[in-house]
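Which chain is which? The protein sequence lines are A and B, in order. According to the working numbering, the residues represented by the first sequence are 1 to 448, in order. According to the working numbering, the residues represented by the second sequence are 449 to 733, in order.
Treat the hints with care, since some could be wrong.
Pulled a few chain B residues facing chain A out of the computed Cβ check, cut under 7 Å [claimed, not checked]:
id: 1; residue: Ser545
id: 2; residue: Val548
id: 3; residue: Ala555
id: 4; residue: Phe601
Keep in mind the hints are simulated off the structure, nothing from the lab. Since we're looking at a predicted model, the values are computed, not measured. By construction, the Cβ of each residue, glycine as well, lies at the ideal position given by its N, Cα and C atoms.
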Amino acid sequence: MPTQDKQPVSPDILLGILKATMPFQVVSDAMLRRIAAISWKVSYRAGDTLYEAGGPADDLYIVVSGKIDHELAPGVNARRPMKTLGEGDVFGWAALLEKVPNRLAKAVCTEDALVIRINGEELLKTFESDPDAGDVVMSRFATMITRDYTVPDLIAQLRGIHRKLHARDAQGMNVTLYRVSRWLKSPRPYLMLLGLSIFFGCWYLAVEVFKLPRFREMPGITTVVTEWLNPNPVFGLSLYTEEYYKHIAVSVWRVTQAFLLATALGVPLGLFLGWSKGVKDYLFPIFEMLRPIPILAWVPIAIVMFVATESAVIFLTFLASFFATALNTMLGVESIDESYTRAANCLGASKSQVFFHVIVPGALPFVFTGLQISVGVSWFSLVAAEMVSGQYGLGYVINTSYTMVRYPTIIIGMITLGAVGYVTSAMVRVAGDYMMQWRVRELALGAR
Amino acid sequence: MSGQPGKLPGGAPTRGAIRIEDVVKIYDPGGASVMAVDHCNLDIAAGEICMIVGPSGCGKTTLLNAIAGFHEITSGRITLDGEVLCSTERPKSTPGSDRVVVFQNGALFPWKTNLDNVAFGPIMQGKLSKAEAREKALSMMADAGLNGVEHNFPGEVSSGVRRRIEIVRALMNDPKVLLLDEPYRALDSLTKSVMHEALLEIYYKNKVTIFFITHDLEEAIFLGHKVAIMTSRPCKPKKILTVDIPHPRDYGVLTSKRFRELIEETNEAVHEEAVKAFQSGEKEG
Numbered sequence: 001m002p003t004q005d006k007q008p009v010s011p012d013i014l015l016g017i018l019k020a021t022m023p024f025q026v027v028s029d030a031m032l033r034r035i036a037a038i039s040w041k042v043s044y045r046a047g048d049t050l051y052e053a054g055g056p057a058d059d060l061y062i063v064v065s066g067k068i069d070h071e072l073a074p075g076v077n078a079r080r081p082m083k084t085l086g087e088g089d090v091f092g093w094a095a096l097l098e099k100v101p102n103r104l105a106k107a108v109c110t111e112d113a114l115v116i117r118i119n120g121e122e123l124l125k126t127f128e129s130d131p132d133a134g135d136v137v138m139s140r141f142a143t144m145i146t147r148d149y150t151v152p153d154l155i156a157q158l159r160g161i162h163r164k165l166h167a168r169d170a171q172g173m174n175v176t177l178y179r180v181s182r183w184l185k186s187p188r189p190y191l192m193l194l195g196l197s198i199f200f201g202c203w204y205l206a207v208e209v210f211k212l213p214r215f216r217e218m219p220g221i222t223t224v225v226t227e228w229l230n231p232n233p234v235f236g237l238s239l240y241t242e243e244y245y246k247h248i249a250v251s252v253w254r255v256t257q258a259f260l261l262a263t264a265l266g267v268p269l270g271l272f273l274g275w276s277k278g279v280k281d282y283l284f285p286i287f288e289m290l291r292p293i294p295i296l297a298w299v300p301i302a303i304v305m306f307v308a309t310e311s312a313v314i315f316l317t318f319l320a321s322f323f324a325t326a327l328n329t330m331l332g333v334e335s336i337d338e339s340y341t342r343a344a345n346c347l348g349a350s351k352s353q354v355f356f357h358v359i360v361p362g363a364l365p366f367v368f369t370g371l372q373i374s375v376g377v378s379w380f381s382l383v384a385a386e387m388v389s390g391q392y393g394l395g396y397v398i399n400t401s402y403t404m405v406r407y408p409t410i411i412i413g414m415i416t417l418g419a420v421g422y423v424t425s426a427m428v429r430v431a432g433d434y435m436m437q438w439r440v441r442e443l444a445l446g447a448r
Numbered sequence: 449m450s451g452q453p454g455k456l457p458g459g460a461p462t463r464g465a466i467r468i469e470d471v472v473k474i475y476d477p478g479g480a481s482v483m484a485v486d487h488c489n490l491d492i493a494a495g496e497i498c499m500i501v502g503p504s505g506c507g508k509t510t511l512l513n514a515i516a517g518f519h520e521i522t523s524g525r526i527t528l529d530g531e532v533l534c535s536t537e538r539p540k541s542t543p544g545s546d547r548v549v550v551f552q553n554g555a556l557f558p559w560k561t562n563l564d565n566v567a568f569g570p571i572m573q574g575k576l577s578k579a580e581a582r583e584k585a586l587s588m589m590a591d592a593g594l595n596g597v598e599h600n601f602p603g604e605v606s607s608g609v610r611r612r613i614e615i616v617r618a619l620m621n622d623p624k625v626l627l628l629d630e631p632y633r634a635l636d637s638l639t640k641s642v643m644h645e646a647l648l649e650i651y652y653k654n655k656v657t658i659f660f661i662t663h664d665l666e667e668a669i670f671l672g673h674k675v676a677i678m679t680s681r682p683c684k685p686k687k688i689l690t691v692d693i694p695h696p697r698d699y700g701v702l703t704s705k706r707f708r709e710l711i712e713e714t715n716e717a718v719h720e721e722a723v724k725a726f727q728s729g730e731k732e733g
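Okay, chain B solo, but in the shape it has when bound:
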């Protein structure tokens, strides 16, 4: 497995291993129950980029919400570095800064400047004073190439820039895991390609575990060490693909032979699920 995170510069990451064991999520267990996640098992190594691919509405986000602590699970267990986040006994984990979410539609606070958004986490947790947090935020934004927008409000910058700021805001907390819920869904394909490289650049510096939900197979194979193709509702991994294209990657990968082969290998599985999802008439979302 040459896509192993251990091969990255700066030694192997040691934290952020997620283990999803037999997780079931049933919505509305009283009345007309809908099974969103069906006995799902998935292992994500520390510092790995794991891409979750599946048609819209298949239950990917349910899984993310369970890890983040927004929703309860019905049964099963999710652990982070051996610690139980949630289980059948304690179905809802507590949201915390070790697992920061980057939301589908973006959740930078529009009433705070970009700088204050980035500085938000450490100030709230009381880890840094306001001045220290701003200082750190400035240098992290500078590292991510976000100069010149610090004192603007999120509504004044482009959506691509907003996404990058949101990722930097998450990284300010030194999280074990970044949970990205289709973060680039609303971006045009050109901006998307820039964002992919920017994300990888950030990843190479921070080597944080990334749990990345998408419905774009190319995006998944380009970014991920591991790609989990999910079945349409109820959701569980149909196929887990290890991407053996070595990191660091750049856009040249997209035209490489191996990349094309991997796409071909997985395309059918994805298409099959998409057709199933379409036929069952699941709503977008």
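Next up, chain A with everything else stripped away, as it sits in the complex:
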């Protein structure tokens, strides 16, 4: 790459040049001056190659005078790969792309040219120092790349200069991390800690300090914590025993099977209930009749139906989840604005296309609400089922500890149950965010 006389540029001259370009038009003078400090001017002769596709993408270029032919490599999928650049055009923007370390195009000077070169990394650092302004410039780059270079696929890779969350970057895990960081900055986690300590404090005071009448038989917090952290637990169950994890694993596995089964059957059923009047007329009355029956009432039937206790437990766990999932999915379908199905009809979608392109995605927010309820419900029906029958599992631990008068173990089982249940419902929420990017982005915009 021929580099002739790389010279610094006077800020005043550069200001004028940058203000005439599309991406930098809107930038404040103060920032332009900082950009001037990292800019160089370089001149080229006709016939010089500035860079080739595949070379390192280091600098961003701005044409001050002359003509440069810019040809995007075939792999980039530009609609119009050839472009002749003149005064005020900006190129070499691969230097600002996230996953692109190399040049995507070949740039050849066709008429003696003077260009400004700015190191991409340093430019990004400058933007990061003023994220609001940086963000504007980057979005103008996005527009320029789509419009002038006809490669819309790349704009997602323009590095975000975001202090706040901006919609373009709101993807899956990012959103979750963003929420966590916002949450930590708000007073909420500290209030939560305060709430928890008041709760545990009251427990401690009630049981161990004041020995209140109702709490006399209850294990105190110190007893529970000591037992939990004891390598040789008095009642046989603590963080150090293999048994403890076996119970957790068995319960988690049961809930997983029941939850997956409930989802696999409940979501399609709910979709059909909401979609087809006929299906609803047949099934909904039966559904509504079975739904209010509590899980415990199903226990005898479950034991009669399933000889093996394991399947009986899973069946009981499945039931409540299934109803929650199916009902919410049905409500989800019914909540879909009629305009969407009408619009799809207008646009020539067949009945099955309407189902897969409108009904299913449209119901998804409700489906995930249903799944969150479902996973919670599955935990409490699991415990009911495990208390009645089964070996192993957290419900079993709580029940046997009661009959065998191991009170601290009951509390250990309860707290573990709460924690594991919380984790599973958080997992469902994350899965929902992942599948409903559009909703996450809308909500993120609403929060701004």
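Given chain A's structure and the hints, the job is docking chain B onto it.
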């Protein structure tokens, strides 16, 4: 009639003529029946912008729903280019991509990106492959000045931009008629004025017949070749006005003498119906 579509660049449009003949719509014919549309007759020429003006709840949307195929008519006949859409014998037409509706509250699918929304029609109809449809959608969006929002979701762009995308989505199907149901109702007046010019720009390129429902008289006269002022429920044309301001129009028209005259000429008729609608206590909608 200097507002004739035939005077537009690129020759006279030949398709999209709608004829509404003696259409009656009675809701709930069994019990307490309400007549929404009363022996309505209206002729819309191919490539014409026809504005339907009337107070809220007068039954304009019923007419649109009958053309689009969302609702049945009780009697009468609606034809499109001579073909019967619906009639007394076959009261409900089948919705199709030759008559695309742009809805009052917008109906871009929020779960699809703007680009995929625009590409939706041809993909569903199997006319284009996914890649071809996206390609076409990109260039149509670019033509309508909608660069930079292709990969956003509808919820991330302003309502004005959403409306334009929805119109482009409709045009992707090369429809004979665009049916617009108060599309700019929720927009502020500044955005509205931009949208009007954008719509006209799109119209000059595509010359599709436009059936445009509104309750805004200025909007109607500014955009339309023809303005049908409807009576309040039951709905039928009270007065049909031919707007003799030549197209292409721009915002200068609003201050022109002729525009003011036309407003004055029609204002009374519209006001009368609005008062009637108000007194009969029809609900908004």
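Outcome of the hint check:
no.: 1; hint: Ser545; result: holds (4 Å)
no.: 2; hint: Val548; result: holds (5 Å)
no.: 3; hint: Ala555; result: holds (4 Å)
no.: 4; hint: Phe601; result: holds (4 Å)
Checked against the numbered hints given earlier, this structure breaks none of them.
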